[in-house]
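Using the numbering used here, the first residue of the sequence shown is number 70, and each one after it goes up by one.
Warning: the hint list may mix true and false statements.
Claimed, not checked - Below, simulated EDC-like cross-link-like pairs (lysine to aspartate or glutamate); rule was C-alpha separation at most 20 Å, straight line:
1. Lys123 / Asp429
2. Lys644 / Asp466
3. Lys378 / Asp360
4. Lys293 / Asp151
5. Lys644 / Glu588
6. Lys378 / Asp367
7. Lys644 / Asp462
8. Lys123 / Asp462
9. Lys300 / Asp151
10. Lys197 / Asp218
11. Lys108 / Glu127
12. Lys378 / Asp272
13. Lys575 / Glu628
14. Lys741 / Asp712
15. Lys378 / Asp428
16. Lys197 / Glu147
17. Lys644 / Asp616
18. Lys644 / Asp610
19. Lys644 / Asp463
20. Lys297 / Asp153
21. Lys644 / Asp619
22. Lys644 / Glu562
23. Lys300 / Asp153
24. Lys741 / Asp619
In case anyone wonders, no lab produced these hints; they're calculated from the structure.
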Amino acid sequence: MKRSFLSAVIIVVVLLSQSASLARMHQPSRDLSRAEILKRLPRPQDREMLRAGKARLEPVLRAEKSYTPHSYDVLHYEINMDIDIPGDTVRTASVFIDCQSQTDTLTTVDLRFFRMTIDSITVNGESKSYTRDDDELLVDLGGAVSQGDTFQVAVYYHGRPITGLVQMGLFISPSITYSIGAPEGAYRWYPCYDHPSDKATADLNITVPAGYIVASNGTLVGSKLDEKRSKAIYQWSEDYPISTYLICVVISQYTSFSMWYYTDQDTMEIPIWVAASDSADAVADFANLPDMIACYADLFGPYPFIEEKYAMATFNWGGAMEHQTCVSWGFPITGNQDWEHVVAHELSHMWWGDWVTYDDFADVWLNEGFATYCEALWWQYLYGEVGLQIYMDDMQDYYANWENSTGHRFPIYDPPPGYIYSPTEYEKGGCVLHMLRFVVGDSTFFDILRTYGTTYAYANAVTADFQAVCEAESGQDMDWFFDQWIYDQGFPEYSLLWSYANQGAKGYVLYVAISQIQENAPIFNMPVELGITTTSGSILDTVTVDDAQDFFQFVLQDEPLDVQLDPNHWLLCEKQETTVSDTTAPETIADLAIQLEGGAKSSSGDMHLWWTQADDDVGVVRYVVYRSTQAGSVGDSLAGAADTTYIDPGAAGDVNTNFFYTVKAVDWVDNKPDASNQVGEFDRSLSKGE
Numbered sequence: 070m071k072r073s074f075l076s077a078v079i080i081v082v083v084l085l086s087q088s089a090s091l092a093r094m095h096q097p098s099r100d101l102s103r104a105e106i107l108k109r110l111p112r113p114q115d116r117e118m119l120r121a122g123k124a125r126l127e128p129v130l131r132a133e134k135s136y137t138p139h140s141y142d143v144l145h146y147e148i149n150m151d152i153d154i155p156g157d158t159v160r161t162a163s164v165f166i167d168c169q170s171q172t173d174t175l176t177t178v179d180l181r182f183f184r185m186t187i188d189s190i191t192v193n194g195e196s197k198s199y200t201r202d203d204d205e206l207l208v209d210l211g212g213a214v215s216q217g218d219t220f221q222v223a224v225y226y227h228g229r230p231i232t233g234l235v236q237m238g239l240f241i242s243p244s245i246t247y248s249i250g251a252p253e254g255a256y257r258w259y260p261c262y263d264h265p266s267d268k269a270t271a272d273l274n275i276t277v278p279a280g281y282i283v284a285s286n287g288t289l290v291g292s293k294l295d296e297k298r299s300k301a302i303y304q305w306s307e308d309y310p311i312s313t314y315l316i317c318v319v320i321s322q323y324t325s326f327s328m329w330y331y332t333d334q335d336t337m338e339i340p341i342w343v344a345a346s347d348s349a350d351a352v353a354d355f356a357n358l359p360d361m362i363a364c365y366a367d368l369f370g371p372y373p374f375i376e377e378k379y380a381m382a383t384f385n386w387g388g389a390m391e392h393q394t395c396v397s398w399g400f401p402i403t404g405n406q407d408w409e410h411v412v413a414h415e416l417s418h419m420w421w422g423d424w425v426t427y428d429d430f431a432d433v434w435l436n437e438g439f440a441t442y443c444e445a446l447w448w449q450y451l452y453g454e455v456g457l458q459i460y461m462d463d464m465q466d467y468y469a470n471w472e473n474s475t476g477h478r479f480p481i482y483d484p485p486p487g488y489i490y491s492p493t494e495y496e497k498g499g500c501v502l503h504m505l506r507f508v509v510g511d512s513t514f515f516d517i518l519r520t521y522g523t524t525y526a527y528a529n530a531v532t533a534d535f536q537a538v539c540e541a542e543s544g545q546d547m548d549w550f551f552d553q554w555i556y557d558q559g560f561p562e563y564s565l566l567w568s569y570a571n572q573g574a575k576g577y578v579l580y581v582a583i584s585q586i587q588e589n590a591p592i593f594n595m596p597v598e599l600g601i602t603t604t605s606g607s608i609l610d611t612v613t614v615d616d617a618q619d620f621f622q623f624v625l626q627d628e629p630l631d632v633q634l635d636p637n638h639w640l641l642c643e644k645q646e647t648t649v650s651d652t653t654a655p656e657t658i659a660d661l662a663i664q665l666e667g668g669a670k671s672s673s674g675d676m677h678l679w680w681t682q683a684d685d686d687v688g689v690v691r692y693v694v695y696r697s698t699q700a701g702s703v704g705d706s707l708a709g710a711a712d713t714t715y716i717d718p719g720a721a722g723d724v725n726t727n728f729f730y731t732v733k734a735v736d737w738v739d740n741k742p743d744a745s746n747q748v749g750e751f752d753r754s755l756s757k758g759e
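Using the sequences plus the hints, can you model the full thing?
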């Protein structure tokens with residue numbers, strides 16, 4: 070039996086952060102009641118809407134979900150585009166792609182580009198041949214380029230972008246023109262190596278009709294009005310490496326306002342572009358952005374694009390997209406901060422998605438699970454520990470209900486086709502980070518995040534990279550955690566039973582039985598908090614649950630009143646909690662059989678006993694075997710048995726000696742029957758097996 074002994078002195082538990090950098094998070098900025106906080110939780114349909122936009126895009130992913138590694142590295146994109154908004158077309162465009170060869174035998178460059186008309190392609194200014202096969206574009210370099218050498222491919226094109234039902238690419242309309250490149254759709258509006266693993270810097274020079282504003286990534290280098298042509302030209306420069314799916318344009322006849330984020334060293338503008346009719350409500354909806362940036366910077370490290378900006382621009386896509394430094398916002402603007410969890414989610418992607426980007430779609434949880442957990446961290450900043458617990462309890466319940474109702478059970482890592490943007494990657498991923506925080510502690514958890522960020526800053530990472538950081542910072546082998554939560558499916562369902570015995574002056578013994586009763590998942594190995602309420606206060610203790618049934622004893626000074634499993638909502642689990650008032654001893658065991666393991670009529674030999682537990686015995690944890698040579702006498706205790714079998718090697722005597730065996734079941738509160746369960750007699754005059 071596993072035992073966890075507590076001091077007889079009652080401990081009143083107060084949850085405090087172990088990290089100095091988290092101190093401010095434990096000072097709630099809003100004095101709201103629990104009921105008021107609960108009202109601000111996102112509804113299930115709100116969570117679904119957050120994922121819905123990207124989920125619509127997934128069908129265009131290539132079946133293999135991964136590219137063969139290419140033999141060149143893209144260093145920079147320069148995208149030049151004249152967009153005829155009334156004509157719903159790209160009048161002229163050119164993309165200059167600076168590359169570096171990674172082999173001595175590079176003779177072609179493979180790009181992707183979708184169906185707009187190519188006028189010409191040059192390499193280092195010289196016209197070159199190319200071939201197209203659907204969205205595949207293969208450019209002949211005109212000879213081998215040596216490893217380490219750089220070259221520039223320029224593609225000149227025009228035409229009407231084809232978006233179709235997949236809703237990716239460049240959407241042109243008089244109200245709002247915008248691009249969507251996630252998860253793999255940048256190639257639908259500019260030629261590129263369209264995979265998140267190949268980051269590059271980017272410049273965008275966009276020409277639009279006068280009166281329109283162009284929002285994009287990075288820094289606005291310049292804007293000018295060409296009065297003769299009635300055109301406006303915007304020049305944006307993204308100097309930090311960026312994945313192709315994060316490059317964007319958002320164009321409309323916006324009104325705008327700005328907020329500011331201040332640190333001791335820097336000042337950063339937060340421009341917001343919205344429709345004029347939404348401007349007043351947008352001021353209210355996005356008012357917390359400076360505090361949000363400060364919150365996440367405190368937890369993860371400085372805002373990664375502090376030299377540029379953080380911006381938001383509205384569009385009519387029906388979702389939101391974490392374009393680097395310029396989030397595209399398609400949720401309603403209400404003036405009531407109804408979608409603040411999405412504001413927090415998208416902002417946090419600047420760290421987890423843009424600063425550090427997943428290397429391939431198998432690791433999408435490194436973006437979406439992280440951002441989903443950041444929603445809860447913002448609630449902790451606003452409402453303290455109670456806010457964190459409320460948000461995580463809601464997230465855990467949402468995911469458990471989704472998995473149980475749909476039957477969709479699969480590992481977080483490498484989700485099946487159709488489920489890259491599913492609750493498994495979002496909500497379960499967030500829950501896993503919360504459990505990791507519980508396992509390693511606050512201080513180590515946030516050290517992990519900061520180290521992970523700085524190690525893979527402006528680059529890409531995979532799950533194994535994150536695990537390696539977890540192990541280095543915690544000093545633990547984390548295979549046990551990642552194997553069950555990332556690479557396997559499901560979650561535990563716990564059944565808790567408890568009872569106690571009054572020991573008089575010695576206090577009380579509390580007995581706790583925890584079973585894992587899930588049918589569609591493996592047995593989990595997790596630390597589990599138990600909240601114990603007694604007549605004089607509360608105790609919080611942590612036990613390890615790693616079997617189908619685990620049993621624990623606690624020595625208490627005062628009478629226990631209640632036991633709660635995971636009272637602080639650390640675990641993704643379902644739970645059933647029951648008080649056991651009836652501590653009746655186990656029922657009689659059935660079918661005791663005995664066989665001599667030795668020669669017939671031998672004076673020595675092993676006695677092999679086996680028996681069957683009664684079907685309705687609850688909480689039997691072991692058996693005690695007794696042996697006697699007198700009928701009706703229990704005799705001496707031989708040993709305990711965990712299974713329903715026992716071999717007695719010490720049954721020695723003359724051939725006429727009879728042995729009587731008694732087996733008593735012992736339950737999880739140390740009860741066993743006073744009377745014999747059943748006496749089995751073995752007569753040595755019988756032959757083996759009779």
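Exercise for the section: Hints the structure violates: just list their numbers, smallest first. Expected result: Hint check: 8, 11, 15 fail, others pass.
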